[in-house]
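Protein chains in written order, with my numbering: chain R, 901 to 1186; chain F, 10 to 304; chain P, 4 to 457.
Careful: at least some of the hints might be erroneous.
Listed next, with one range per pair, are the computed distances between beta-carbon atoms [said to hold, decoys possible]:
| id | chain 1 | residue 1 | chain 2 | residue 2 | range |
| --- | --- | --- | --- | --- | --- |
| 1 | F | ASP81 | P | ARG452 | 25 to 31 angstroms |
| 2 | F | VAL60 | P | VAL173 | 24 to 30 angstroms |
| 3 | P | SER385 | R | LEU925 | 17 to 23 angstroms |
| 4 | F | THR76 | P | ARG434 | 49 to 55 angstroms |
| 5 | F | THR76 | R | ALA1091 | 43 to 49 angstroms |
| 6 | F | LEU80 | P | GLU259 | 44 to 50 angstroms |
Some chain R residues near chain P, calculated using beta-carbon distances under 8 angstroms [unchecked claim]:
| id | residue |
| --- | --- |
| 7 | LEU934 |
| 8 | THR935 |
| 9 | GLY936 |
| 10 | ARG937 |
| 11 | ALA939 |
| 12 | ALA940 |
| 13 | THR1002 |
| 14 | PHE1045 |
| 15 | GLY1131 |
| 16 | PRO1132 |
| 17 | GLY1133 |
| 18 | PHE1148 |
| 19 | ARG1149 |
| 20 | PHE1150 |
| 21 | GLY1151 |
Partial list, computed: chain F residues near chain R (C-beta under 7 angstroms) [to be verified]:
| id | residue |
| --- | --- |
| 22 | VAL37 |
| 23 | TRP58 |
| 24 | GLY202 |
Derived from the structure by calculation, the hints contain no laboratory data. Every residue, glycine too, gets a C-beta built ideally from N, C-alpha and C.
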Amino acid sequence: MRTLPLVPAVILMAVFLLGPIIWSLVGSLTNAALTGRAAADPQWVGLANYAALLADPVFPKSVGLTVVFTLVSAVLAQTFLGLGLAVAMTRASAGLGAVVATVVVAAWILPELVAAFVAYAFFSQDGTLNQLLGVLGLEGPNWLFSFPMIAVIFANIWRGTAFSMMIYQAALNEVPQEITEAAMLDGANGAKRLVYVTLPMIRQTITTTLMLITLQTLSVFTLIWVMTAGGPGNDSATLPIYAFTEAFRFGNIGYGTAIATVMLAVGAVFSVVYIRALRVPRERAA
Amino acid sequence: MSARVTPGLPVAPVRARRSVASPSKRTVAAFANASLVLVALCFALPLAWLVFAAFDADSTYQTRLPTELTLDNFTAVLTPELTFVPMWNSLVISVSTAVLTVVLALLAAYPLSRYQARFNRPFMYIVLFGTCLPITAIMVPVYALFVALHLLDSIPGTVAFLAASSLPVAIYLAKNFMDAVPLELEEAAWMDGASAMRALRTIVAPLMRPGIAVISIYVFFAAWGNFFVPFILLLSPSRQPAAISIYSFFGQYGTVAYGQLAAFSLIYAVPVITLYVLVARGIGGSFALAGAVKG
Amino acid sequence: MRTTTRLGVATLALGSLLGVAGCTSDVDDGTAVLKVTYIKTDAFTALDTLFTNVKTEFEATHDGVTVELLPVAGTDDDYATKLALSHRSAETAPDVFYEDTMALRADVEAGFLLNLDSYVADWDDWAQFDDAAKAAGAGDDGSIYAVSLGTDTRAIWYRTSVFEAAGIEVPWEPRSWQDILDAAAAISASQPGVVPFNLYAGTATGEGSNMQGFYQLLYGTELGADALYDSATSKWVTGSAGFIESLEFIDTLYREGYALSVAEALDGNIWQQVFGTMFPEGTLGATVEGSYTPSFWIDGGSFEWPEYAKEMATVAFPTQHGQAPGGVSMSGGWTLAVGAQSAHPELAFEFLTMALNFENSLAYVNENSQIAVRADVAADPSYTAANPFVGAVTELVSVTNFRPATAEYNQISVEVQKATEAVITGSLTPREAAAAYDAAVEAIVGPDRVITQG
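From just these sequences and the hints, can you work out the full model?
Printed below as a string of structure tokens:
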């Protein structure tokens, strides 16, 4: 009786989230296709799709690209840049801080599709980046074609940094000023204070943010799809792009589902780590 | 944790800090200012292209002040089939998703926040797990599911899926916000014979208005900006949201009509920007949004 | 208790919200809705014109029938995906739709198309269609599933002024692949800003990349018409020297800078620039394209260019060493079909016949520069006079090839596209790309359906 209010939400999540997850596991064991005989009558193929994945040279490449994309654009850049910006704003003049925050947040507010167009324009052969290099007397390459991963990684940093910056700003604001000032009196310089006093105090926030942006970045699709569509060849085909292309462009639904299932497994591993990281303070609070 | 890093430190506040700013502190500030300006420039540059190109009669992918200011790019894309119908669809989809999600999340959060039950903790873990689900990974099976349920090309179906995918985060946030509302007020209401649902509606919900705003905005943004879900689930042009319309426009004219693409992008982005600015004013800046997600 | 009631209502409301989804049309009160799906882009509007006219005509003669036009804006690949997605459920499946002959057999196997045998039997105009056109609409079982809108051939289209400036005699008559390379080298040397000879490759331009690219080479190698699929044994060919040599030719074209830059070749909309700017501005020497090429330049076309008739010329693509039959062409074409899940198959077929009757066919074939498949249309004076190249491209029917008419063809096509993309991007050598193709084909059709021509 008391739990009744939970029911509508549980039904909706069971049908549209749990259902597809189970479907994903089952579908990856068939040769379901968009057209042809297998579309009308999909056959059970056991683990054949997974065996094919292991033999497919594109798969390890795609996994590698996904790892690089996530590690560099989310874990390294967004965390350091976001934290760096948040810290710098505590030191910089207030007016400037507000302006910078607005600019950084603006990139984040834009719908992902618009952000992707803007990044496409920026990195294209005749785009703004090469215009700038031209001013310096350099002739820039066609970034989207010659260095597709660099382009999409920078685009994702540009778009995603605001999120971690805002969270770190909020967290830094909560660090009691007494503590940092006390450390200052003790003779610790700025860098030391940051590393030994401030950062440990917001460790929890860092872990949480790290996990959140990792998972967000893992499933980025639109940004890459618009900028490079995974190309040239498969040079920027991360797992979401690869799964989409195989399933909907080439019609191999079963194979695409197998790739998606691998992504789900990766996401699940991260989730477990994330939940473990969150557990400590929740128990303390309870 | 704090005991480990601050052993034996005096905790008296230092008052005269500003007036005796040391040279090194000023150097730090200058360095911070300089690096902030640099980063801001890098972040602003791509945005500048968007704004300039939209008003430029003769735009390219390069960033420059418009040689000739014009609104032609806007009038060219402001047609029913390109902009108005898709924008209306976006609005219908995003508002419905936000309302449905918030209502269901509040209902679900109530027992989780108010009653101690054995399943609360595991349920919250499942919810947390749900927040981590990469939605792009389940689109292939979601498509198959929609075929089986005869929901393809249906706006209500798409709304239901978008709501389901936002629910884990929404429930998590709603429970946190609700935990902050003191129980005493409701107990008084219960004494007066009000049902739990009545207490939720008349007492708890009004008190967590800022929280509800945060959740609504979060869900609205996610639905408004979502491209992949409607791309797979909606087929007829008359039902597609702006994200799809603008994507096919890019596919056809992206390498020709730069100015119109930029204008179209701006039109599509304006509602979320406006909403963000309004909400940020109303509930104390971006901190509220970020703080809510922080957990 | 009140709580329960209210929640019940909420759940019901949610349920009905989901439930109302599908049911859009078809209440049995004498009214009917026909859904018609096709491609419409800024550069391809001929079909939209056709259907808009037929809709008016059809609704005027059929009381209570509404024709709902559902054009898809996108590339051929986007269209194929959207069409296949829509066929998966009866609510979204179209009644009448535009179908590529290439996807036809696979879609028949998937059960998307209605068997039209009994319908065409009672259709007087059916006798006007030539045998090749009838075969183009047949499934693996020999039944008719679709009716041809028109066919096409492919040839080299070149800009005479660019060739003359390079000192090449016009009309140009290449006899072998080497002649193409020689001409490209001459253009490259004399006019640095001009792309000498384009041949599409890669996955971005989809099936067009094969039809206006790789197949022109492959079908002109030693195995000729059986280079991709051995018709005698009904097996897919692997390990052939011709396949590798064709890839090597593409590799040479792109590496020497004779074709478009690789980045341009991988842009799915690049063909619009080929027609819209490169030829009219004289920055392209030649490209392989379809017989429909003039449709873009004629009065009312997407890229009107009145001078095309005297600036452009066309010639058959040569075989590898000039061996018989001396030229190569590829033919495809599109059809109209009726959805297997249509609630009103008779009405849908009637709509199809109206769209394909003499007047509408003639108008469509002329506007879209198609090769006519109806005898009465082909004989019409306005058809032969539609553009100066009708005669030349129609002649290519004598050397043309058709793609293997099998259900697995569209999967194989993707593998060919992947192979050419790997070569032009340099990720695989021609030999490696051919080996990867062989492995992929064997995985698709099984080892007993391949024949190794080492």
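Going through the hints against the structure:
no., hint, in the structure
1, ASP81(F) <-> ARG452(P): 25 to 31 angstroms, "57 angstroms, violated"
2, VAL60(F) <-> VAL173(P): 24 to 30 angstroms, "50 angstroms, violated"
3, SER385(P) <-> LEU925(R): 17 to 23 angstroms, "60 angstroms, violated"
4, THR76(F) <-> ARG434(P): 49 to 55 angstroms, "52 angstroms, holds"
5, THR76(F) <-> ALA1091(R): 43 to 49 angstroms, "48 angstroms, holds"
6, LEU80(F) <-> GLU259(P): 44 to 50 angstroms, "47 angstroms, holds"
7, LEU934, "4 angstroms, holds"
8, THR935, "5 angstroms, holds"
9, GLY936, "4 angstroms, holds"
10, ARG937, "4 angstroms, holds"
11, ALA939, "4 angstroms, holds"
12, ALA940, "4 angstroms, holds"
13, THR1002, "35 angstroms, violated"
14, PHE1045, "4 angstroms, holds"
15, GLY1131, "6 angstroms, holds"
16, PRO1132, "5 angstroms, holds"
17, GLY1133, "5 angstroms, holds"
18, PHE1148, "5 angstroms, holds"
19, ARG1149, "6 angstroms, holds"
20, PHE1150, "5 angstroms, holds"
21, GLY1151, "7 angstroms, holds"
22, VAL37, "6 angstroms, holds"
23, TRP58, "5 angstroms, holds"
24, GLY202, "17 angstroms, violated"
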